[in-house]
Amino acid sequence: MDQAPGSPQEPQGASGLPGCYRHPDRETGISCTRCERPICPECMISASVGFQCPECVRTGSGTGHAPTATQPRTVAGGAVTADPRLVTKVLIGLNLALFLVQLVVGDRFTDRFDLLGRAFVPGFGTVEGVAEGQWYRLMTAMFLHSSYMHIAFNMLSLWWIGGPLEAALGRVRYLALYVASGLAGSALTYLLEEPFRPSVGASGAIFGLFGATAILMRRLNYDMRPVIALLAINMVITFWWPNIAWQAHVGGLVGGIIVGYAMVHAPRERRNLIQYGSCALVLVAAVVMVLVRTAELT
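Going by the working numbering, the first residue of the sequence shown is number 1022, and it counts up by one from there.
These are calculated hints, taken from the structure and not from any lab test. Each residue gets a CB set at the ideal place from its N, CA and C atoms; glycine is no exception. Worth double-checking, as some hints may not be accurate.
[Claimed, not checked] Across the chosen pairs, the derived CB separations fall in these ranges:
| hint | residue 1 | residue 2 | range |
| --- | --- | --- | --- |
| 1 | 1289 | 1173 | 37 to 45 Å |
| 2 | 1100 | 1217 | 41 to 49 Å |
| 3 | 1170 | 1104 | 22 to 30 Å |
| 4 | 1244 | 1079 | 39 to 47 Å |
Start from the sequences, fold in the hints, and give me the full structure.
Structure representation (C-alpha coordinates):
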(Lines of atoms letter the chains of each structure in order from A and count residues from 1; the text may use other names and numbers.)
(Lines give C-alpha, C1' and ligand atoms only; values in the text may rest on other atoms or scores of the structure.)
Protein backbone atom coordinates (compact mmCIF):
# COMPACT_ATOMS: atom_id res chain seq x y z
CA MET A 1 0.00 0.00 0.00
CA ASP A 2 1.26 3.48 -0.87
CA GLN A 3 2.13 5.76 2.01
CA ALA A 4 2.10 9.49 2.44
CA PRO A 5 5.56 10.95 1.74
CA GLY A 6 7.76 10.95 4.79
CA SER A 7 5.55 8.63 6.87
CA PRO A 8 7.21 5.67 8.61
CA GLN A 9 6.80 2.15 7.26
CA GLU A 10 3.78 0.50 8.89
CA PRO A 11 4.42 -2.79 10.72
CA GLN A 12 3.24 -5.90 8.88
CA GLY A 13 2.08 -9.24 10.24
CA ALA A 14 2.75 -12.77 8.99
CA SER A 15 -0.10 -12.56 6.50
CA GLY A 16 1.43 -9.50 4.89
CA LEU A 17 -1.32 -7.18 6.07
CA PRO A 18 -0.20 -4.01 7.80
CA GLY A 19 -0.78 -3.44 11.51
CA CYS A 20 -3.03 -0.69 12.83
CA TYR A 21 -1.04 2.49 13.35
CA ARG A 22 -2.41 2.75 16.90
CA HIS A 23 -2.33 -0.98 17.65
CA PRO A 24 0.60 -2.44 15.65
CA ASP A 25 -0.14 -6.00 16.78
CA ARG A 26 -3.54 -5.97 15.06
CA GLU A 27 -3.50 -6.76 11.34
CA THR A 28 -6.02 -4.93 9.18
CA GLY A 29 -6.95 -4.43 5.58
CA ILE A 30 -8.76 -1.14 6.22
CA SER A 31 -7.12 2.26 5.98
CA CYS A 32 -8.26 5.78 6.84
CA THR A 33 -9.80 7.41 3.77
CA ARG A 34 -8.06 10.66 4.64
CA CYS A 35 -4.52 9.92 5.79
CA GLU A 36 -4.44 6.32 4.43
CA ARG A 37 -2.97 4.88 7.62
CA PRO A 38 -4.16 1.36 8.47
CA ILE A 39 -6.80 1.19 11.20
CA CYS A 40 -8.26 -1.73 13.12
CA PRO A 41 -11.99 -2.16 13.88
CA GLU A 42 -11.56 -0.42 17.25
CA CYS A 43 -10.17 2.69 15.56
CA MET A 44 -12.61 2.84 12.65
CA ILE A 45 -15.00 5.80 12.63
CA SER A 46 -17.65 5.85 9.93
CA ALA A 47 -17.33 8.68 7.43
CA SER A 48 -19.43 9.71 4.45
CA VAL A 49 -17.20 7.40 2.43
CA GLY A 50 -15.36 4.54 4.13
CA PHE A 51 -13.76 4.95 7.55
CA GLN A 52 -11.46 7.47 9.19
CA CYS A 53 -8.99 7.30 12.04
CA PRO A 54 -9.64 9.06 15.37
CA GLU A 55 -7.01 11.74 14.74
CA CYS A 56 -8.50 12.89 11.42
CA VAL A 57 -11.96 13.07 12.97
CA ARG A 58 -10.74 14.88 16.09
CA THR A 59 -8.79 17.52 14.17
CA GLY A 60 -11.52 18.02 11.61
CA SER A 61 -9.16 17.17 8.74
CA GLY A 62 -11.29 14.32 7.46
CA THR A 63 -14.40 14.17 5.35
CA GLY A 64 -16.55 12.61 8.05
CA HIS A 65 -18.27 14.27 10.98
CA ALA A 66 -16.68 15.14 14.30
CA PRO A 67 -18.22 13.37 17.30
CA THR A 68 -20.01 16.59 18.35
CA ALA A 69 -21.57 17.11 14.94
CA THR A 70 -24.47 14.79 15.71
CA GLN A 71 -25.32 16.42 19.04
CA PRO A 72 -28.74 18.10 19.08
CA ARG A 73 -28.62 21.89 18.78
CA THR A 74 -30.95 24.72 19.65
CA VAL A 75 -32.43 27.05 17.05
CA ALA A 76 -29.45 29.38 17.65
CA GLY A 77 -26.87 26.61 17.44
CA GLY A 78 -26.31 26.11 21.16
CA ALA A 79 -25.92 22.71 22.77
CA VAL A 80 -29.06 21.09 24.16
CA THR A 81 -28.50 20.37 27.86
CA ALA A 82 -30.21 18.28 30.51
CA ASP A 83 -31.22 21.38 32.49
CA PRO A 84 -32.15 24.13 29.99
CA ARG A 85 -32.82 26.66 32.78
CA LEU A 86 -29.56 26.31 34.69
CA VAL A 87 -28.17 29.79 33.89
CA THR A 88 -31.52 31.38 34.70
CA LYS A 89 -31.55 29.63 38.07
CA VAL A 90 -28.00 30.79 38.79
CA LEU A 91 -28.85 34.38 37.87
CA ILE A 92 -31.93 34.36 40.09
CA GLY A 93 -29.93 32.84 42.93
CA LEU A 94 -27.21 35.45 42.57
CA ASN A 95 -29.73 38.30 42.60
CA LEU A 96 -31.47 36.90 45.68
CA ALA A 97 -28.17 36.34 47.49
CA LEU A 98 -27.01 39.90 46.86
CA PHE A 99 -30.38 41.29 47.91
CA LEU A 100 -29.96 39.41 51.19
CA VAL A 101 -26.53 41.02 51.58
CA GLN A 102 -28.14 44.41 50.97
CA LEU A 103 -30.64 43.75 53.74
CA VAL A 104 -27.98 42.56 56.18
CA VAL A 105 -25.19 45.06 55.47
CA GLY A 106 -27.39 48.05 54.62
CA ASP A 107 -26.87 51.13 52.49
CA ARG A 108 -23.10 51.03 52.76
CA PHE A 109 -23.02 47.94 50.56
CA THR A 110 -25.59 49.28 48.08
CA ASP A 111 -23.86 52.67 47.85
CA ARG A 112 -20.61 50.95 47.00
CA PHE A 113 -21.99 48.97 44.05
CA ASP A 114 -25.03 50.82 42.65
CA LEU A 115 -24.95 52.72 39.35
CA LEU A 116 -23.88 56.25 40.19
CA GLY A 117 -22.59 58.79 37.70
CA ARG A 118 -20.59 61.09 39.95
CA ALA A 119 -21.60 62.43 43.35
CA PHE A 120 -20.43 62.98 46.91
CA VAL A 121 -21.51 60.04 49.08
CA PRO A 122 -21.80 61.09 52.75
CA GLY A 123 -21.31 57.55 54.02
CA PHE A 124 -17.87 57.42 52.42
CA GLY A 125 -16.97 61.08 52.65
CA THR A 126 -15.69 61.02 49.07
CA VAL A 127 -16.87 61.59 45.51
CA GLU A 128 -17.91 58.25 44.03
CA GLY A 129 -19.22 57.02 40.68
CA VAL A 130 -18.44 55.63 37.26
CA ALA A 131 -16.84 58.93 36.26
CA GLU A 132 -14.34 58.37 39.06
CA GLY A 133 -13.12 55.19 37.39
CA GLN A 134 -15.56 52.82 39.12
CA TRP A 135 -16.68 51.12 35.91
CA TYR A 136 -17.61 47.99 37.83
CA ARG A 137 -20.79 49.78 38.90
CA LEU A 138 -22.16 49.30 35.39
CA MET A 139 -22.19 45.55 36.04
CA THR A 140 -22.78 45.25 39.78
CA ALA A 141 -25.87 47.50 39.67
CA MET A 142 -27.52 44.83 37.49
CA PHE A 143 -27.66 42.49 40.49
CA LEU A 144 -28.95 44.91 43.15
CA HIS A 145 -32.53 45.90 43.97
CA SER A 146 -34.24 48.62 45.93
CA SER A 147 -37.22 46.80 47.50
CA TYR A 148 -39.03 43.50 47.91
CA MET A 149 -41.47 44.40 45.13
CA HIS A 150 -38.62 45.43 42.85
CA ILE A 151 -36.75 42.14 43.12
CA ALA A 152 -39.93 40.03 43.11
CA PHE A 153 -41.14 41.55 39.85
CA ASN A 154 -37.73 41.26 38.19
CA MET A 155 -37.10 37.68 39.28
CA LEU A 156 -40.55 36.50 38.21
CA SER A 157 -39.99 38.14 34.82
CA LEU A 158 -36.56 36.55 34.57
CA TRP A 159 -38.01 33.11 35.27
CA TRP A 160 -40.96 33.44 32.88
CA ILE A 161 -39.02 35.02 30.03
CA GLY A 162 -35.47 33.84 30.65
CA GLY A 163 -36.13 30.14 31.10
CA PRO A 164 -37.70 29.47 27.70
CA LEU A 165 -35.23 31.80 26.01
CA GLU A 166 -32.26 29.98 27.54
CA ALA A 167 -33.68 26.69 26.27
CA ALA A 168 -33.98 28.18 22.77
CA LEU A 169 -30.55 29.81 22.60
CA GLY A 170 -28.32 27.62 24.74
CA ARG A 171 -26.44 28.60 27.88
CA VAL A 172 -23.49 30.54 26.47
CA ARG A 173 -25.51 32.57 23.97
CA TYR A 174 -28.20 33.28 26.54
CA LEU A 175 -25.65 34.54 29.06
CA ALA A 176 -23.96 36.69 26.41
CA LEU A 177 -27.35 38.21 25.55
CA TYR A 178 -28.12 38.88 29.22
CA VAL A 179 -24.80 40.59 29.93
CA ALA A 180 -24.76 42.64 26.71
CA SER A 181 -28.34 43.86 27.26
CA GLY A 182 -27.71 44.70 30.90
CA LEU A 183 -24.58 46.69 30.14
CA ALA A 184 -26.34 48.53 27.31
CA GLY A 185 -29.03 49.55 29.78
CA SER A 186 -26.48 50.63 32.37
CA ALA A 187 -24.51 52.64 29.81
CA LEU A 188 -27.58 54.51 28.56
CA THR A 189 -28.60 55.24 32.14
CA TYR A 190 -25.15 56.60 32.89
CA LEU A 191 -25.27 58.71 29.74
CA LEU A 192 -28.69 60.30 30.30
CA GLU A 193 -29.50 60.12 34.01
CA GLU A 194 -28.54 62.81 36.50
CA PRO A 195 -25.05 61.91 37.79
CA PHE A 196 -26.08 62.21 41.45
CA ARG A 197 -29.07 59.84 41.12
CA PRO A 198 -28.21 56.17 41.86
CA SER A 199 -29.82 53.30 39.97
CA VAL A 200 -30.11 49.56 40.61
CA GLY A 201 -31.91 46.58 39.12
CA ALA A 202 -31.82 43.77 36.57
CA SER A 203 -34.48 45.47 34.44
CA GLY A 204 -32.12 46.41 31.62
CA ALA A 205 -31.04 42.81 31.09
CA ILE A 206 -34.62 41.55 31.44
CA PHE A 207 -35.90 44.03 28.83
CA GLY A 208 -33.15 42.68 26.59
CA LEU A 209 -34.64 39.22 27.07
CA PHE A 210 -38.06 40.64 26.16
CA GLY A 211 -36.65 42.01 22.91
CA ALA A 212 -34.88 38.78 22.03
CA THR A 213 -38.03 36.78 22.82
CA ALA A 214 -40.03 38.89 20.38
CA ILE A 215 -37.41 38.27 17.68
CA LEU A 216 -37.40 34.53 18.39
CA MET A 217 -41.19 34.24 18.30
CA ARG A 218 -41.24 36.10 15.00
CA ARG A 219 -38.57 33.75 13.64
CA LEU A 220 -40.62 30.69 14.67
CA ASN A 221 -43.87 32.19 13.33
CA TYR A 222 -45.53 32.15 16.76
CA ASP A 223 -48.41 34.42 17.74
CA MET A 224 -46.76 37.75 18.53
CA ARG A 225 -49.71 39.34 20.31
CA PRO A 226 -48.99 38.06 23.86
CA VAL A 227 -45.35 39.21 23.92
CA ILE A 228 -46.19 42.54 22.26
CA ALA A 229 -48.95 43.17 24.80
CA LEU A 230 -46.64 42.27 27.70
CA LEU A 231 -43.88 44.46 26.33
CA ALA A 232 -46.30 47.37 25.79
CA ILE A 233 -47.56 47.11 29.37
CA ASN A 234 -44.02 47.15 30.70
CA MET A 235 -43.11 50.16 28.59
CA VAL A 236 -46.16 52.06 29.86
CA ILE A 237 -45.14 51.25 33.43
CA THR A 238 -41.59 52.33 32.60
CA PHE A 239 -42.62 55.87 31.67
CA TRP A 240 -45.57 56.23 34.03
CA TRP A 241 -44.30 54.82 37.31
CA PRO A 242 -42.08 57.25 39.27
CA ASN A 243 -38.45 56.52 40.13
CA ILE A 244 -37.93 54.03 37.30
CA ALA A 245 -34.77 54.37 35.21
CA TRP A 246 -36.41 54.26 31.79
CA GLN A 247 -32.98 54.57 30.20
CA ALA A 248 -32.03 51.09 31.45
CA HIS A 249 -35.21 49.61 29.99
CA VAL A 250 -34.79 51.27 26.60
CA GLY A 251 -31.07 50.53 26.38
CA GLY A 252 -31.55 46.91 27.38
CA LEU A 253 -34.44 46.47 24.95
CA VAL A 254 -32.48 47.85 21.99
CA GLY A 255 -29.44 45.77 22.89
CA GLY A 256 -31.57 42.65 23.24
CA ILE A 257 -33.23 43.18 19.88
CA ILE A 258 -29.86 43.58 18.14
CA VAL A 259 -28.26 40.55 19.75
CA GLY A 260 -31.44 38.48 19.58
CA TYR A 261 -31.80 39.09 15.85
CA ALA A 262 -28.21 37.99 15.27
CA MET A 263 -28.68 34.92 17.46
CA VAL A 264 -31.65 33.49 15.58
CA HIS A 265 -31.01 34.74 12.03
CA ALA A 266 -27.26 34.18 11.64
CA PRO A 267 -26.45 31.77 8.77
CA ARG A 268 -25.00 28.50 9.98
CA GLU A 269 -21.66 28.86 8.19
CA ARG A 270 -20.91 32.18 9.97
CA ARG A 271 -23.05 31.69 13.03
CA ASN A 272 -20.47 32.26 15.77
CA LEU A 273 -18.93 35.27 14.06
CA ILE A 274 -22.25 37.06 13.62
CA GLN A 275 -23.73 36.08 16.98
CA TYR A 276 -20.80 37.03 19.15
CA GLY A 277 -19.94 39.91 16.84
CA SER A 278 -23.35 41.42 17.63
CA CYS A 279 -22.58 41.14 21.34
CA ALA A 280 -19.26 42.89 20.75
CA LEU A 281 -21.03 45.62 18.76
CA VAL A 282 -23.44 46.31 21.63
CA LEU A 283 -20.58 46.35 24.12
CA VAL A 284 -18.58 48.76 21.95
CA ALA A 285 -21.61 51.08 21.81
CA ALA A 286 -21.86 50.86 25.61
CA VAL A 287 -18.18 51.74 26.00
CA VAL A 288 -18.58 54.74 23.69
CA MET A 289 -21.52 56.02 25.75
CA VAL A 290 -19.54 55.60 28.95
CA LEU A 291 -16.51 57.42 27.55
CA VAL A 292 -18.64 60.32 26.27
CA ARG A 293 -20.41 60.74 29.61
CA THR A 294 -17.20 60.45 31.59
CA ALA A 295 -15.65 63.19 29.48
CA GLU A 296 -18.64 65.41 30.29
CA LEU A 297 -18.45 64.82 34.04
CA THR A 298 -14.71 65.15 34.52
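| query | Taking each numbered hint in turn, which are not upheld by the structure, reported in ascending numerical order? | reply | none
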